[in-house]
Amino acid sequence: MDYFIELVFSGLTRGSIYALIALGYTMVYGIIGLINFAHGEIYMIGAFTALIASTVLNILGLPLYAVLILTALAAAVWAAAYGYTVERLAYRPLRNAPRLSPLISAIGMSIFLQNYVMLAQTSDFQPFPALIPEFAFLEPFAAVVGSTDLTILAVSALLLLLLTLLIKYTRTGKAMRATAQDQKMALLLGVNVDRVISITFVVGSALAAVGGLLIASHIGQINFSIGFIAGIKAFTAAVLGGIGSIPGAVLGSFVLGLTEAFATGYVSSDYEDVFAFSLLVLILIFRPAGLLGKAAVEKV
Amino acid sequence: MKSIRIYALLTAFVLAACATATAVEPIKIGVAGAHSGDLASYGLPSLKAAQLVVKDINDKGGINGAPVELLVEDDACKPEIAANTAAKLVSSGAKAVIGHICSGATKAALPIYRDAKVLVISPSATTPALTQSGEYPNFYRTIAADDAQAKAEVDFTLATLKAKKIAVIHDKGDYGKGLAEFAKTFIEQSGQAEVVLFEGVTPGAVDYSAVVQKIKRSAADAVIFGGYHPEASKIVGQMRQKRMTIPFVSDDGVKIDTFIQLAGKDAEGVYATGPADVSHNPITKEYREKFKKAEGAEPGAFFDNAVAAALVLTNAIAKAGTTEPNAMAKVLRSEEVATPFGNIKFDAKGEPIGIGFSIYQVQNGQFTVVQ
Numbered sequence: 001m002d003y004f005i006e007l008v009f010s011g012l013t014r015g016s017i018y019a020l021i022a023l024g025y026t027m028v029y030g031i032i033g034l035i036n037f038a039h040g041e042i043y044m045i046g047a048f049t050a051l052i053a054s055t056v057l058n059i060l061g062l063p064l065y066a067v068l069i070l071t072a073l074a075a076a077v078w079a080a081a082y083g084y085t086v087e088r089l090a091y092r093p094l095r096n097a098p099r100l101s102p103l104i105s106a107i108g109m110s111i112f113l114q115n116y117v118m119l120a121q122t123s124d125f126q127p128f129p130a131l132i133p134e135f136a137f138l139e140p141f142a143a144v145v146g147s148t149d150l151t152i153l154a155v156s157a158l159l160l161l162l163l164t165l166l167i168k169y170t171r172t173g174k175a176m177r178a179t180a181q182d183q184k185m186a187l188l189l190g191v192n193v194d195r196v197i198s199i200t201f202v203v204g205s206a207l208a209a210v211g212g213l214l215i216a217s218h219i220g221q222i223n224f225s226i227g228f229i230a231g232i233k234a235f236t237a238a239v240l241g242g243i244g245s246i247p248g249a250v251l252g253s254f255v256l257g258l259t260e261a262f263a264t265g266y267v268s269s270d271y272e273d274v275f276a277f278s279l280l281v282l283i284l285i286f287r288p289a290g291l292l293g294k295a296a297v298e299k300v
Numbered sequence: 301m302k303s304i305r306i307y308a309l310l311t312a313f314v315l316a317a318c319a320t321a322t323a324v325e326p327i328k329i330g331v332a333g334a335h336s337g338d339l340a341s342y343g344l345p346s347l348k349a350a351q352l353v354v355k356d357i358n359d360k361g362g363i364n365g366a367p368v369e370l371l372v373e374d375d376a377c378k379p380e381i382a383a384n385t386a387a388k389l390v391s392s393g394a395k396a397v398i399g400h401i402c403s404g405a406t407k408a409a410l411p412i413y414r415d416a417k418v419l420v421i422s423p424s425a426t427t428p429a430l431t432q433s434g435e436y437p438n439f440y441r442t443i444a445a446d447d448a449q450a451k452a453e454v455d456f457t458l459a460t461l462k463a464k465k466i467a468v469i470h471d472k473g474d475y476g477k478g479l480a481e482f483a484k485t486f487i488e489q490s491g492q493a494e495v496v497l498f499e500g501v502t503p504g505a506v507d508y509s510a511v512v513q514k515i516k517r518s519a520a521d522a523v524i525f526g527g528y529h530p531e532a533s534k535i536v537g538q539m540r541q542k543r544m545t546i547p548f549v550s551d552d553g554v555k556i557d558t559f560i561q562l563a564g565k566d567a568e569g570v571y572a573t574g575p576a577d578v579s580h581n582p583i584t585k586e587y588r589e590k591f592k593k594a595e596g597a598e599p600g601a602f603f604d605n606a607v608a609a610a611l612v613l614t615n616a617i618a619k620a621g622t623t624e625p626n627a628m629a630k631v632l633r634s635e636e637v638a639t640p641f642g643n644i645k646f647d648a649k650g651e652p653i654g655i656g657f658s659i660y661q662v663q664n665g666q667f668t669v670v671q
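Keeping their order, the protein sequence lines are chains A and B.
For the first sequence, the numbering used here assigns the number 1 to the initial residue and increments by one for each residue that follows.
For the second sequence, the numbering used here assigns the number 301 to the initial residue and increments by one for each residue that follows.
Keep in mind the hints are simulated off the structure, nothing from the lab.
Any given hint could turn out to be false.
Here are the simulated distance ranges between beta carbons [to be verified]:
id, chain 1, residue 1, chain 2, residue 2, range
1, B, P367, A, I111, 47 to 53 Å
2, A, N115, B, A594, 36 to 42 Å
3, A, N115, B, D557, 24 to 30 Å
4, B, A597, A, G108, 35 to 41 Å
5, B, D557, A, G108, 32 to 38 Å
6, B, E568, A, L62, 32 to 38 Å
7, A, S101, B, K565, 46 to 52 Å
8, B, T485, A, V77, 30 to 36 Å
9, A, R92, B, G600, 48 to 54 Å
10, A, I104, B, A387, 51 to 57 Å
11, A, A81, B, G600, 54 to 60 Å
12, A, D273, B, Q671, 33 to 39 Å
13, B, D557, A, L187, 31 to 37 Å
14, B, D557, A, K294, 48 to 54 Å
None of these values were measured; they are calculated from a predicted model.
Each residue gets a CB set at the ideal place from its N, CA and C atoms; glycine is no exception.
Based on the provided sequences and hints, a complete structural model is requested.
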């Protein structure tokens, strides 16, 4: 039973890590129907920004919590700037192009950003400082769940809540929903669609940067390619949960994380990916739109 | 008068005989390896090493008075060319060969040398079967075989750490999985411990806590990891986070300073195998200097190994007084020769004793030799 609980926590940790990245994928898809393959790279850039910012702040000798908050802010702002720029440069000019064009543009952006960071930094792994302190009250449970794991879990739950509030109860959220339902109609009704899309990218990128900070601090190392593998898994989670749906992305992430943890725990970690992707195929056979996705209705 | 003339003639005759005696047949040694093509950088340093050693020997009057001549042949590391290279060396009268460089090429060439009773020493062919299959009794190498590292890890884990239950983890890659499989085999053969877990992890994953929990559940008292430093540091970090303190033993993919930077305080106490540091050995220094003087660059791959091969080979010819493989084998197996790796000799299978792996442990943020 203990082992089962340990695996549940492993799965939840993995799941919340995926969720932090999957939220950005699903938001962008929900609004403009684009799979933003550069999202993993924004997460990676967020992690690098956090590394640089925290190094500088540590040299200045600020207290740990101040470092943590300022680093998160810096990473979020900087990554949001990247997200905004990527949208401006690579996606907006292709707004009315066939669907395949922005997709290719997204893949191109992803490759460009990876190589840019590789050249600007190095291809070696860089150590990432443990920014999240060890909570004393968790010490008795250290074998089951660490303070970083718990922080990641709490932060992804909090972000899910905030996002839901943003989308349900604010003007911007309303504009987002309108844009998602029908861009042309929203435009006719006076919604500044370009601005709404920009905001979506900015919010999604800021989330990814916070994710980058937390995840890098969990695994203790970063390099230019971390966004690719994490991005693929998060994308899978978003599809599993129903791409375009925000609760779906979180649910999908937890399902994926738990599946992987149980596959490793009870079968073999050699087959972890086999189980994860078999599950994806099974779910898509029975629910093509994902767990919480709405079946797409062709608008005529 | 007449007698004087005869005496003079006799003297001249004797002198002439002496002259022919000094012009003895040179000892021909083949040097085979990749000297052109994309793998030339593996073969050329070995060729240069052989030339440097032979030049020293010839400057000092050769082996037992006979000069050494090198026959150089290029096999481009290709098995199909290597067989021809070997045939060519044998027919040109090579009595011993330094080479080949690549394991595949070496394997293709060895049957020809075996039939011609030519002794072969490779500075770089690491495939275990070349010596361990017993098919090529005249084959030796001055490099540790691929499985030697796994052997070193297992011996250390069993003898020094006294582990009884070992978890073997790898990264599914050729290098890591290969080492892990050798380690598993050696542990099972030893009969002293059991492998309680044998698993591959996915490199680049964001979290390894599930596999760490599995290690804990297996009640292993040591972990042997085959793979590189990024995964090793993540796994060790998560083990320590889960308050697991069992020893972590890994390989030369981990024995680099980046590992210590990445794992930080969790790196303390981690064991890793790595080639022994030979840069302070006077012979290593001497030949590396000579190479730098001649080529204006740092010597490349397998240079030290090739110097060692040339030194042990010429010593064996000198001490045995012949190039007959069985006579040389006795010298190779019994006499230690000073080489860039220290004093080495060979075991019955042809593996070098003295070239191998040291065990390092991270102590105060540095890899320190512990065995």
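Evaluation of the provided hints:
1. Hint check: P367 of chain B to I111 of chain A, Cβ distance near 59 Å, so the stated range 47 to 53 Å is violated.
2. Checked against the hint of 36 to 42 Å, the C-beta distance between N115 of chain A and A594 of chain B comes to roughly 39 Å, which is consistent with it.
3. Range check, N115 of chain A to D557 of chain B: about 26 Å between beta-carbon atoms, so the 24 to 30 Å window is met.
4. In this structure, A597 of chain B and G108 of chain A meet the distance hint of 35 to 41 Å, their C-beta atoms being roughly 40 Å apart.
5. Between D557 of chain B and G108 of chain A the CB atoms are about 36 Å apart, so this pair conforms to the stated range of 32 to 38 Å.
6. With their beta carbons about 27 Å apart, E568 of chain B and L62 of chain A fall outside the hinted range of 32 to 38 Å.
7. At roughly 49 Å, the beta-carbon separation of S101 of chain A and K565 of chain B lies within the given 46 to 52 Å, and the hint holds.
8. Taking the beta carbon of each, T485 of chain B and V77 of chain A are about 54 Å apart, not inside 30 to 36 Å as hinted.
9. About 51 Å separates the C-beta atoms of R92 of chain A and G600 of chain B, a value consistent with the hinted range of 48 to 54 Å.
10. In this structure the supplied range 51 to 57 Å holds for I104 of chain A paired with A387 of chain B, their Cβ-Cβ distance being about 55 Å.
11. Checked against the given bound of 54 to 60 Å, the beta carbons of A81 of chain A and G600 of chain B, roughly 46 Å apart, lie outside it.
12. Between D273 of chain A and Q671 of chain B the CB atoms are about 38 Å apart, so this pair conforms to the stated range of 33 to 39 Å.
13. Evaluation of the 31 to 37 Å hint for D557 of chain B and L187 of chain A yields a failure: the beta carbon distance comes to about 57 Å.
14. A hinted range of 48 to 54 Å for the beta carbons of D557 of chain B and K294 of chain A is consistent with their spacing of about 53 Å.
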